[in-house]
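Peer 1: Here is what each chain is made of, one letter per residue.
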Amino acid sequence: MTTQFRYIGKHRRTKEDPRFVTGRGRYAADIALPGTKHVALVASPHPSARIVSISTDAALAAPGVLTVLTGDEFCARTDPLYVGVDAPKVTRYALARGVVRYAGEWVAAVVADTRALAEDAAELVEVEYESLPFVIDPEAALAPGTHLIHPDHGTNVLYRRKFVWGPVEEAFAKADHQLAFRATWGRSSTVPIETFGVTARWDPVAELLDVWASIQMPKYPDQTARALRLPGNAVRVHFDVDVGGSYGVKRGIKHTVLVGYLAKKLGVPVRLIEDRLENMRGGDMHGPDRFFDMQVAFDRDGTIRGMKMRAVDDVGAYAGRSPLQLGKPVGAICGPYQIHAIEYEPTSVMTNKTPQEAVRGFGQSPTNFAIERAMDRVARQLGMDRIELRRKNLIRRDQFPYLIPSGSSYDSGDYHTVLDKALEASGYPALVRMRDEARLAGRLAGIGVATCLEPSGGNASFELLFNPKNETTTWMDSCLVRVDLSGSITGVMGTSSSGQGHETLVSTVVGEILERDPATIRVIHADSLNALPSNSPVGSRMAIMLGGAAAGAARKIRDALVAIAAHNFECSPEDLEYRDGNVGIKGAPSKMLSWDQLVEIAHRKFHKMPPGLDPGLQAQFVWEVPTGGGVPTQDGRVQMYPCYAFEAHVVYVEIDPDTGKPSIRKYVCGHDCGVMISPDIVHGMTYGGIAHGIGASLYEKFAYTEDGQLASGTFMDYLIPSSMEVPDIHIVDHCTPSPLTTFGQKGSGEAGYLGAPAAIANAINDALDPLGASIDTLPMSHLALWETITKATKM
Amino acid sequence: MKAAPFEYVRAGSIGEACEVLQREGDAVKVVAGGQSLIPMMAMRLVRPGWLLDINEIAALKFVAMDKDAVRIGACTRQSTVERDQELAARVPLLRQALAWVGHIQTRNRGTIGGSIVHADPCAELPLVARVLGARMVLRSTAAARTVEADAFFSGPMMTATDANECLEEVQWPAWGERRTGSAFTEISNRHGDFAMVSAAAQLSLGDDGRCVRAAFGLGGMGQTPLAFPQLAQRLVGTRLEDEIVKSVAHDAAAQSDPGSDLFATAAYRRHLAGVLAARVISAAHAQAGSKG
Ligand SMILES: Cc1cc2nc3c(=O)[nH]c(=O)nc-3n(C[C@H](O)[C@H](O)[C@H](O)COP(=O)(O)OP(=O)(O)OC[C@H]3O[C@@H](n4cnc5c(N)ncnc54)[C@H](O)[C@@H]3O)c2cc1C
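Residue numbers (the working numbering), protein chains in the order written: chain A, 1 to 795; chain B, 1001 to 1292.
So here's chain B without its partners, still in its complex pose (with noise of 0.2 Å):
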């Protein structure tokens, strides 16, 4: 388990780093925190010519708060975000789903570019960043352009990140409404594995306690972490009533088409996802209620 030859370069800026990937193209990998790059490595299973470590791009790690918005430069650590009161309040569902983010251990290490970038279909942050719509910037050399979290995921480990391009930042949206609420839960075998399925969800009630705006996904239920802001929408102006939304949460399964592996089928994946969304729409509910 050692990895196959590569050569090693340091950027010291985000200009350096993106010359680096210019000049290298594919057979460049940047390496943030290393939690999921260096054990493909040491596999064998990734094989990179270049390995270009952005830890030490200051620019690159930072939390600031928009007025719409919290952008997070993509290499700051995921237990950094964690611990930031001020974000917790603004962007809760992003401190609800780090916390099932792998172990405090590997959190100190992991960067937020990092898991979204990685883009595995059952991880936390991407499922996060498809539910609120984050934006994610991506830097080249001659260029930022900024790719919706629609159009960024476009299958298991693939992004719309071009190989000259290094992720920046990304932009959280922060929703006004007062009576918000939010909640993530997952259902994996052991605690900080990889989830078979996860749900989030955030939603806005009005002063009559009716949802004046909602949002939810699942995670693991196919290539790409789902959205659905359709059925969302059939719960705005209802009073989330149970029946309401577990209709809901069912179409939502049945409209996924998730995979079976060694420890779920498809069947229990639909199963899963029914369960776990009527209870992050329901406990987001609750949360909202009790900003009464």
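In isolation and in its complexed conformation, chain A is listed as follows (with noise of 0.2 Å):
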């Protein structure tokens, strides 16, 4: 498929891996910068409670300690952080002032030689707290008269809407049957390996704060400047800093607000590393906390007429940006299904709770989750295959570009031979075998299909839907190609990497254009005052923006090749040939000049450039997401994002019905996100993505106990799978091209990810079918599967 490419879609060794392989990776915490202090934090210990007096002094005379700051001073001297959606009463900053509004919000920062003793002094810092109500349960939350977690807000809803796309009503009253049911999906996230780290210098003479930080973020370093109140050009975010893992979470927008005050104020390098402690308690990095009131008309035959769903997502004590991931799953709300009409209610609700952050697919792969789980309660209701249920209302390869009932057309798939080719990978009938031999054989056995998108290509529709304030209708990024004296390339992109592959990314797309070896082909990161506009690698966007910029930069740079070539040739453009670097008259292989006679003519011979050509051999693209820059109608429609990948995924897993206990046996996916610019980091992004999922469906979550405290603040509770939890995976390559991107890419940085949890709950309830039980809430814990079969075994 990818024949016509000479380096696009070959495997080849990643720029990333021997840095990171040989251990000479240079993340947040090897940025030693002599003279650094040291912060530790001071956290609630309540989930709600009145600052009564903070005392500082015993803290303040311990050994190496420089400062204590509370939230009074913080406050008073700092701007609030930015809320995604109309609610400017919901403050936000790194300390807490007055009150505290979940347990381990930070109350204190303690500032010292180093973080042992910053820690030392952080426990001799005395808070008196007094007691206030507190609500944990998002429905309580909701309810009329309960504790308000921000009084001046008025209300604990950040955001509900009411959508209507076309005649539901009509399709509910029409259509032969109907079902409701609940499904659940628990608090879990991204954890990374690493927590968020920060280091900041102020430098008083240039009046500019140097930040280094562990980041994953669009408009951080604005955002830190504003805080700060400080002019943008004030702040300088070096991009050349390795993460050690993210997936939507590394935005520490707080850490660094707070660090850099203390560098201003102070006069030295500041620095903070979380511990596990404060990441998992008090780093804002949970996610989606959000349950589903799913209903669906269809009809006898299987068809879906109309879907309405009813989503409440509990965002925890405080709102950045995560109402917003209730907004993207607007794009692609009928998952990849012909379904007409569509009720979609977005309620985001504050709790006690650690605030919520992006995560990998930013609320796409719980929506898909219902909507599986949708899926196959249809097909048992009406005692239809799971798999005719799907064939009959995918979407047909021929229907492209499809335009969904919320106003965004997808544009490319072929889900039908996807869904087949993971069937047949499967070995499908020998598995359906498998399955039954193990349940006469007295075992719980099942099998679970979905199938499901991601949607690619990161434009922030979103913001101007859920906020009319907030007019962002643009969510571009770009590429710097160079080349230099020497004939070599280089290519500058202005954000950081989180585990993406940007540089092979890159330099395999400009190195395709340009015809050079991409082994050869350098990619820095610039920091954030000499860097092109970028909206940082979220929203699966960067094979696409950061891909598609690139290419456009490299092709300037050809067509400047091929222009120096025609005015020496004295020919027209049209009569040369590039090839490998050099350019040629068609038909006269003797009549060339090379890559090296080119480059020195751009930057030496003046004289032999064409006119209106600049010196030198540089090109820059700027690129807007495609289809981009809508503004949604009055009734909430607009094109979301501009791609589309499909997974379409099978699992086989056994439920030990004495004990609970779930095992995957077998895991296939089929994927298509178009042509792959580097297939190695498409498959390691979707072998990731399934852990994660499996983590998320089995094992994952933050939990909270009833008198407010997170349960889960440590590896010991917090359960990510890990190697032995994980089966073998098997990925089966499709690929069909959109239309709509240089190359025919999608994007895959959320690829397995929104298709496994759903695979899974379902393969879980095809083993509880017999039983007739059900499980609808992740993560399904050995003890819920447990509870589940008793239930089901004693009626």
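Take these hints with a grain of salt, some might be off.
Keeping only pairs whose Cα atoms sit at most 27 Å apart, straight-line, the calculated DSS-like set for lysine-lysine is [as the list claims (entries may be wrong)]:
1. B:LYS1002 with A:LYS265
2. A:LYS661 with B:LYS1246
3. A:LYS174 with A:LYS162
Hints listed in this document are in silico derivations from the structure and should not be mistaken for laboratory results. Fair warning: this is a prediction, and the values are worked out from it, not measured in the lab.
Build the complex: two chains, separate frames, hints provided.
Peer 2: Structure follows, in structure tokens:
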């Protein structure tokens, strides 16, 4: 499929691996500026309390302590952090002032010569609290008269709207059948090995704040500067810091404003590296915590006529961009299916829990899980095969571009073929026999199928959709490509990378266009003051956006080389042929200017340059998201992300009926993300995404006790699957190019994760089916499975 | 996550270690593999005034085969024990249990003595110690004394070890019966996690296939790991038919009083205990039977 490419789609060594594999990565904790001081935090033990007094005397007197900062000073001298929806009274700072709203919220910051001394002193900060009522359950938080997390805001609801797209009531009235159920997604996240870390240094002469951080965040330099009341050009973020895992959560804005303030105040470099406890409780990085009240209307033959989805998401005590995680799924609200009438009622609610942050897929994986559970339930109610039901409702390949009721147009796809390929690779008939034999032998065995979309390309249409005051309609990215005097090529990107392999991406794409070996192309990260505009690697967008920008810049270089040759041969560019960087006259092989000669002309020989062409050889390309820039209609229809990758999962599980222990015995994922620029990176993403999905469906949960404490604040209780829990995974590739992108690529940064929880939940439910039992709450812990089995067998 | 300040001392001999313990008493924590102690110190859940490092004491690292028991030095690494073929033949339950203790990496550091003195009620080695009736040798400057497993484990993370004592060795009884089988199993959320419930059994068969000796126990079911000698006695003389095995397992579960936590309710634990006890007894039976 990709044979027309020279480098794209080939198995080549990635640029980053040698650095990481030999331990030469440079992470936030490796930034060691002379004289750096260290921060430790005092955290609230209460989920909700008034701060009566804070005494810092003993802490200040402790060895090595420079300062103890509390919310009163900090909040007076900085501005609150950005809120993604129209809720200006939901103010949020790095340090609490007056009240605390969740257990683990930071109350004071101690700066000392070492982190250990800072922790010693932090224990000496005396905070007197007066407990206040609190609310942990999102439904209780919605009830009238309940404790308000932010009384000034007047309600615990951050955002609520009922969207109706298409003739929903009519569809429900006319359909042969209906069903309703609740699906619940547990509070999990991406929990990287590296916690968030940041170092800041203030230069009082240049009036410049230098920042090195473990960051993956759009508009981070701008938000840092605003909160610190500095001009944008007084903050310089160094994007060349390696990030040890993120998938959305490395936002660290509150940490950065705090450390920036301290560095400026103290005149020394200051660093904060969260420890695991701070990260899990107070790092503000929990993911969606959501339940769906689902209603589906369908006909006897399996046609889905309409769907109603009420989604309530518990974002914890403050709002950053988290309510918008209910917004992105608008762009794929019907999944890969032809559903013409949809009602969607997202509600974002606050509770006294740790705040939520962006997590891989930005809310899409929970939504996919709810849709896929609905599909299986429909099939079960009709007594229809689940695969047949999907085939019946999947959008056909001849229907693209396909406009869904909520306003997005899906670019391309071949869902039926990918599903068939996955089924074939799973040896489906044999798998069914295996399941049935296991059942005959008294075991609980099930097969799960899920067909899901990964929207990619990341525009930010949901910002304007969810907040009319936020007129963000561009989410551009860019690349600078330069060829130096020696003829070497360097690509410059304007953001950090958190494991996506952008150096491989840019070098491959630039090498493809310029026909130069990517291994010789260097790719660097600018800092925020000399970077071209970028919106960071979120929304599964960089293959499309950075890849497209790098290709655009490389094309300009190529055009310049051809123009130089045309000028010197006194011919038209059409008569010329570009090959391997050399430019020659078509049909006259001896008439050629080599790469080195052309570069030499561009850099030294102005007299041989065509008029109008700048000397030197570099080009930049700024790209708006394809199909982006739209404004929502009155009824909330808007084009979200441009590209839609598809995945079909087939999973076989068994559950020990006596203990409730599940085990995944077979895992196949059919995957179509268009043209793969680096198949190894795509596969790596997919393996990791599936492992992450196994965690979300069976193990991981930030659980809270009844008294409002986080019960899973370490890796003893927050259970990330290990290599022992993740089975062999078989990925089957398929390629339906996107018509909207440079090479036909789509995003794949969330691959696997967007379908795995749905598929596993379906497999578990298939296994429980002979008992007449079902479970729609994630994670499906051993305990929950055993209780489900016990209840069913006792009945 | 930095430990509160402490003094560090590395002992070169058992005598030296005992002197530090005698002098500083309660303020001292012995560190062996550090796999349990160091995380607790990092979270400041434990704040010793002194950390006494016994890792350099060669005399605490040995595996010795006596006639009726295998003696293991307290600071012997779990992985060393796990790989010892002769030991596996004489106290097979120990190797079976070790496979469930954390991960290969933690076993490379973690010691036999550390796990025993840590005395987590869900831990594997304390359970084996109770089932087999291991003996702990505790040393102080004044003397050495031997404590039976029954008396040694007194509560969750509590043992009979006095503040001035160091665990020197653990003696694991080796059964002489030719047709002996053993089994260990547990349920945890992930491989390598502490067990929600664990179960261990060892039994011997006579030439006629009847059970002549039996021991079994449960972990995670109370304040300490539990052994059930009286219930085990009911197995002796039987042919270990399913019915008797199930009944004994059920009674063991019913006799225990487990707690509830995030991952397991008391009801779930009790149910698991019945299932797992029956499984290990049957598996041990099958293994003994195979030595026909
Ligand atoms: C990821 C991970 C998973 C784990 N999973 C398990 C598991 O599944 N099952 C399990 O049982 N454990 C598990 N553990 C805990 C740990 O492996 C064991 O408790 C352990 O090996 C203890 O031995 P140690 O030598 O490391 O002891 P240390 O941590 O050094 O000490 C533990 C305690 O014993 C005391 N102590 C040690 N040696 C002596 C001595 N000679 N005399 C007197 N006191 C002494 C110490 O003072 C301390 O109180 C796990 C640990 C980790 C990090």
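Peer 1: If a hint holds in the structure, say so; if it does not, say that too.
Peer 2: Going through the hints against the structure:
no.: 1; hint: B:LYS1002 with A:LYS265; result: 26 Å, holds
no.: 2; hint: A:LYS661 with B:LYS1246; result: 20 Å, holds
no.: 3; hint: A:LYS174 with A:LYS162; result: 22 Å, holds
Figure legend: structure checked against the earlier numbered hints; every hint is met.
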